[in-house]
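Protein chains in written order, with our numbering: chain A, 122 to 484; chain B, 122 to 484; chain C, 122 to 484; chain D, 122 to 484.
Since the hints were derived computationally from the structure, they do not count as laboratory data. Mixed in with the good hints there might be a few duds.
To be verified - Partial list, computed: chain B residues near chain D (C-beta under 8 Å): (1) S134; (2) C202; (3) G245; (4) S484.
What the hints assert, rightly or not - Simulated pairs of lysine-lysine, DSS-like, Cα-Cα distance not exceeding 30 Å: (5) K237(A) / K393(B); (6) K393(B) / K390(A); (7) K390(C) / K440(D); (8) K312(C) / K322(C); (9) K428(A) / K393(B).
None of the values given here were measured: they were computed from a predicted structure. Beta carbons: idealized from backbone N, C-alpha and C, even for Gly.
Number of protein chains: 4
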Amino acid sequence: MSNSIGTQFVVTSFGESHGRCVGVVIDGCPAGLPIGLDEIQAEVDRRKPQSSAGGTGRREEDRVEALSGIFNGRSTGAPICLLAWNKDADSSAYSEIISRPRPGHADYTAFLKYGKYNDFRGGGRFSGRITAGFVMAGAIAGKLLAQRGIAIIAHTVQIGDVKSDPHPSHITRRYIDKTPVRCADPAAAKKMMAAIQAVQKDADSIGGTVEALALNVPGGLGEPVFDTLEGELSKAFFAIPAARGVEFGAGFGAAAMRGSQHNDLFSVKNKKIVTLTNHAGGISGGLSNGMPIIARVAFKPTASIGKSQQTVNLKTGKKVDLAVKGRHDSCIVPRAVPVVEAMMSLVLCDFALRAGYIGRIIS
Amino acid sequence: MSNSIGTQFVVTSFGESHGRCVGVVIDGCPAGLPIGLDEIQAEVDRRKPQSSAGGTGRREEDRVEALSGIFNGRSTGAPICLLAWNKDADSSAYSEIISRPRPGHADYTAFLKYGKYNDFRGGGRFSGRITAGFVMAGAIAGKLLAQRGIAIIAHTVQIGDVKSDPHPSHITRRYIDKTPVRCADPAAAKKMMAAIQAVQKDADSIGGTVEALALNVPGGLGEPVFDTLEGELSKAFFAIPAARGVEFGAGFGAAAMRGSQHNDLFSVKNKKIVTLTNHAGGISGGLSNGMPIIARVAFKPTASIGKSQQTVNLKTGKKVDLAVKGRHDSCIVPRAVPVVEAMMSLVLCDFALRAGYIGRIIS
Amino acid sequence: MSNSIGTQFVVTSFGESHGRCVGVVIDGCPAGLPIGLDEIQAEVDRRKPQSSAGGTGRREEDRVEALSGIFNGRSTGAPICLLAWNKDADSSAYSEIISRPRPGHADYTAFLKYGKYNDFRGGGRFSGRITAGFVMAGAIAGKLLAQRGIAIIAHTVQIGDVKSDPHPSHITRRYIDKTPVRCADPAAAKKMMAAIQAVQKDADSIGGTVEALALNVPGGLGEPVFDTLEGELSKAFFAIPAARGVEFGAGFGAAAMRGSQHNDLFSVKNKKIVTLTNHAGGISGGLSNGMPIIARVAFKPTASIGKSQQTVNLKTGKKVDLAVKGRHDSCIVPRAVPVVEAMMSLVLCDFALRAGYIGRIIS
Amino acid sequence: MSNSIGTQFVVTSFGESHGRCVGVVIDGCPAGLPIGLDEIQAEVDRRKPQSSAGGTGRREEDRVEALSGIFNGRSTGAPICLLAWNKDADSSAYSEIISRPRPGHADYTAFLKYGKYNDFRGGGRFSGRITAGFVMAGAIAGKLLAQRGIAIIAHTVQIGDVKSDPHPSHITRRYIDKTPVRCADPAAAKKMMAAIQAVQKDADSIGGTVEALALNVPGGLGEPVFDTLEGELSKAFFAIPAARGVEFGAGFGAAAMRGSQHNDLFSVKNKKIVTLTNHAGGISGGLSNGMPIIARVAFKPTASIGKSQQTVNLKTGKKVDLAVKGRHDSCIVPRAVPVVEAMMSLVLCDFALRAGYIGRIIS
């Protein structure tokens, strides 16, 4: 039980994969923000299975509706409830997972926690589908950040063992959305596509890594010692199903570095204090330092694969083989890109409100 | 501002590197737990500079005192205040960092957030010294977990480019504390020592990685969708100064794996459901699955190095060179081992209380 | 911004008086609780204008729908979203309050906080209508409490200067709902009805007091020193529009008492420790003592009256007279009775979960 | 377990009546506030037994020390730990309450919650002594409020059945501290003194009521719908041992009023919008309206009385008589005055920070 995140921009998630809807309540959006449902819809559409490579054949319509908090096209300061009604849900394929948990899925742990009452249909609360709600909330957070010039952008940097090496100027949404894998490096993107097709042929799946950047973040955001930028961002990223690792700046690579290499030297550029390198990923002491914030999130391969796998029948206690039916993503990484953006937007928006950098009325 | 962590086992940190003391208030410890200050002291002593390789020449006495919450040798249910008075603090070396922030340190970001009022002496709130308080709280959390048979253990798995490959049976505190780098692989430990000595000779520093395990954790701990085990653990780990990355199970390696490789197949062992591999690191859907929880935390090299580095004089706006004086760790990784253990203990204790797995009175 | 209440049983409110709906998300309901919408509907129906004396002529249909968290007729452990779509909303009467705030209403303070973006229609978020959502959540909390034998009951004890003096055995829902003012003392109820009719004739309104009792509460619930039973209950009661005072046990009367009168002496009854009197209202040191919990909430007279009143035109800064149109309650006290019950249920359910008195799976 | 209060100005209380100390950690104080220990000491001294009528013969020295968060005489933005070491504690009188709970005290409920591990000496955590820490924190909150011109003042308005009727211009600290009962009406103060002496002669105690005002509060503070001004203030007031009721403005008296009487009509004074009366006590819709905030807190008579009272021996289950030894206040109301001020300061400071009305750096 913990379906809310944030302290000043509080997002409460509800809904299940095959229930009536997936939605969020956003508490703390300042009054006066112009909100068009089409803008939110555009973000949610980027998360759809058919919008990128590796997605399933499912068609999710995900038409976003606003139930509260918006009046005359603007936020009122009241909680904003957004949701999308579920459609195209075929629960029949899931009946057997009640007693036979799928390897790599949360079926077994959900059973341990909620007993037989867990809504297992389509993964219920543990389905990637609930991230559609995260994206709705992220769209509003992103609009608030944009009011202060802060931009968030994410892109695929690895699928399988293919890594991207994009030109920095190509890390723009226009460029990223050109490739079906949301990679800013066209050559790598082709190889990533090939890697996905290879696992599809084998009824298998593959993992990858997403990088997220926050640009134009003012210095001093973050609330040490426990609500650090890294701490809150990583907590938010790990709410995305399949996330297995989070790092900032030089990240795990920093372990092999010397201080004289890793330390970012200070300098002055256009009368502003900058660092000559950005191994810190824009964060020092848990606080933003004014340089771009850089985070990477590693995703495991999709748990659902067509291959037969060993599990245990919870009723009999015997080992059984299970082939997961239904349509599944062979690689969720490209679809995770807008979700990573959303989580980063939520967290930075919360910190900007905590610091008073975004005010209580937008006018 | 956010010096508390936890929901049921709430730890509030206070104190500065060169202030009067470093301490914690622990709110939520069940009544009746036998608490000996010597046990807490033993944990705090493991964090001392002189207790492991790479530490400074500073002598920190860190005598732990209990100010509240303990009566007749047991917790009462009231908040427990623990602290260690500061000694041996030489603040003179820090006077120049007010205007000349040290590269890699939080001096500049602290200035951005708190202005000229920040207590910069010895890094103030951003010093690794405040983790002494985390270890005090972790010692109590660890005792509570031990009541239910849960054991937490951490060890160094990488320093520089030296990685350990310990025999699983050697991952015990007795074995780990045998080497000054807290590595369970004696051969790797020697190479790690050499790596540290090499950077010391160059007045430089080096990073590394710590792995933490939680054994005998019951299934179903964790509070999805936002308070996942990974999310809360990573948030806690990132409160340790110098942490740059956190991963679970296969972690970043999962990005290059296929689902058929990564999925942990279910099996039955001694009538208990287990998985044949543990790429999930004991966590599925944000919930513990009964297998060992495995996390790794990457640390950057110590920011303080003897070499001269470029910074900016905040008053004049001009570039200047700065050589950081004072005694510093050339590698904080061995000292981070007990801190990583403490943070894992705090988080798991909180989840065990949330789930009712630890009761409100220990008898 | 703070539309969530509770720590373990967290209720998030959304919706406006004349928006699309009024609803709640309930996070923390244990899995396995049988939930019938008809039971929730029955509670919500008690709050309807036409269900008691003093209500408006408005017909609110308030058909409760469940959007999430219920599967096969039982809670799943996931967040439960409940709402009622709004109908019969005539916003035209409210257009003039944008610039001319109604005396006694929140129009002016909402303007101060949210500026011109506040949804003023029908009072928006400040309308008593949002308490319909509180009652939905309270119905579920009440069911959880009932599982452990805890019963919550509220009744009108004062309207205007008429006070009730019910026979203790009459404080039952069956008896209370017999009178249109929800008073357990039939003689007083008649006088209360007369008092309401008198103010209605004058196009005026009248206040009153509601008493709430919690029976069979185990000893030791409450979380001192700040989350006392009194503190959390009063905070919840003050979320009901028009509440002006809260007291427990002897309450304000205790100010005039001596210790020898007020102290409840301990005794033994049926081998259980009881107190001979209950001036403490079942709470000592912020903790339940096993005796009935007794709270009283004073409500001001409805702010909306037919009489012309002086206000200020916010645009011109000039004094103007305003006659509030629309249909309004002349006395909201009888309708507040189920809301007071709901708030008490929410708070006690939260404390019962915090203490582990209600488990995480109901079976 | 809940020893923290506030969201932006978070106060964590620790310490026991007869433990080593009583203290607080304050998290969220903006950087740059000049803090003199003498100012805090002056507030704490007002709470001392010997500083007002009705107090005990105990001498509490209560010398306030600062352990962290202050540097060069100003707050740094880091958590501020303040405490007073305990002295003059004679625990011998309390040994018998382990098994024989005192009527009117929390001995029995603490036993229900914490079992035999509760620190019963002098009431432990349930003693009024812990409010010394509240006053330390309130002193800092009061200084922050004063920076923005907000003033908090409390005074005794009732002791026993004696009520005060002060001239509004006499409600100043100078005037209030002139009388040993902290009453702004000298004639009533004399009668209150007589009432206290009467109960002292009888080895009895007496209750009373404190009124608190907040002046110059800007409009729009408060966070509906759950974190209302009334809700948070009442929660804070009920953390004061012996508080039994809280009301705002007309309070319980509003129950007997008509809307046409109670509604505060808007007017214009010096180009500012005001209300002609202040039955709302400065709060509408949970938000401040710019008029003085007025709250009243009713206190029960001190539970400790010299008279013999019936209790139950928890070990034998038999009724026994108990005469509470030790030195006790015959009326705690005058000593509660600075505590009520402190709680109001804490809450308003928190709301002012939430609204951004007090900034993050004071310069």
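**OP:** Report holds or violated for the interface hint on C202(B), using the least CB-CB distance to chain D and a cut-off of 8 Å.
**Re:** holds (4 Å)
**OP:** Could you check if G245(B) really has its C-beta closer than 8 Å to a C-beta on chain D?
**Re:** holds (7 Å)
Original post:
Is the hinted pair K237(A) and K393(B) satisfied, with a Cα-Cα distance of at most 30 Å?
Top reply: holds (18 Å)
Original post:
Taking the least C-beta to C-beta distance, is S484(B) closer than 8 Å to chain D?
Top reply: Check passed: Cβ of S484(B) comes within 7 Å of chain D, closer than 8 Å.
Original post:
Are K428(A) and K393(B) close enough, with their CA atoms no more than 30 Å apart?
Top reply: Holds, at roughly 25 Å.
Subject >> S134(B) as chain D interface residue, shortest Cβ-Cβ below 8 Å >> reply: This interface hint holds because 7 Å falls under the 8 Å limit.
Subject >> Satisfaction of hint between K322(C) and K312(C), Cα-Cα up to 30 Å >> reply: holds (15 Å)
Original post:
Is it true that the CA of K390(C) sits at most 30 Å from the CA of K440(D)?
Top reply: holds (11 Å)
Subject >> Hint consistency between K393(B) and K390(A) [alpha-carbon to alpha-carbon, up to 30 Å] >> reply: violated (62 Å)
Of the hints listed earlier, the one the structure fails to meet is number 6.
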